[in-house]
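Enquirer: Sequence:
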Amino acid sequence: MADNKGIPQELIDRINELSKKKKEEGLTSEELAEQKELRETYLSLFRENFRSHIEMLQVYDKNGKEVTPEKVKKIQRERGLRDD
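If you count by this note's numbering, then the sequence shown holds residues 8 to 91, one letter each, in order.
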């Protein structure tokens with residue numbers, strides 16, 4: 008099961024479980040290594056998802072003129088999301 012951000016809920020639950028255990032009684036070296044790996048996985052998924060959202064954005068000024076940065080437009084063209 009994944010939450011609405013594309014990050015598996017099981018991953019979040021395990022990170023929280025280890026965090027709570029660390030505060031209450033401490034972690035073994037294996038659990039510390041697992042915690043580090045889980046956090047790296049979480050950040051990787053978060054960054055990937057965030058990048059995908061940014062690349063899908065179109066920005067308009069108050070007059071309705073598109074002012075999407077050219078870098079984002081280029082990525083959108085490469086992915087077939089724009090035809091201009």
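Since the hints were derived computationally from the structure, they do not count as laboratory data. Treat the hints with care, since some could be wrong.
[Unchecked claim] Straight-line Cα separation of at most 35 angstroms, DSBU-like style, residue types lysine-lysine; simulated pairs:
1) LYS43 <-> LYS30
2) LYS29 <-> LYS43
3) LYS80 <-> LYS69
4) LYS43 <-> LYS72
5) LYS69 <-> LYS43
6) LYS81 <-> LYS69
7) LYS28 <-> LYS43
Enquirer: Next, verify each hint and record whether it holds.
Expert: Evaluation of the provided hints:
{"no.": "1", "hint": "LYS43 <-> LYS30", "in the structure": "holds (15 angstroms)"}
{"no.": "2", "hint": "LYS29 <-> LYS43", "in the structure": "holds (12 angstroms)"}
{"no.": "3", "hint": "LYS80 <-> LYS69", "in the structure": "holds (19 angstroms)"}
{"no.": "4", "hint": "LYS43 <-> LYS72", "in the structure": "violated (45 angstroms)"}
{"no.": "5", "hint": "LYS69 <-> LYS43", "in the structure": "violated (44 angstroms)"}
{"no.": "6", "hint": "LYS81 <-> LYS69", "in the structure": "holds (23 angstroms)"}
{"no.": "7", "hint": "LYS28 <-> LYS43", "in the structure": "holds (14 angstroms)"}
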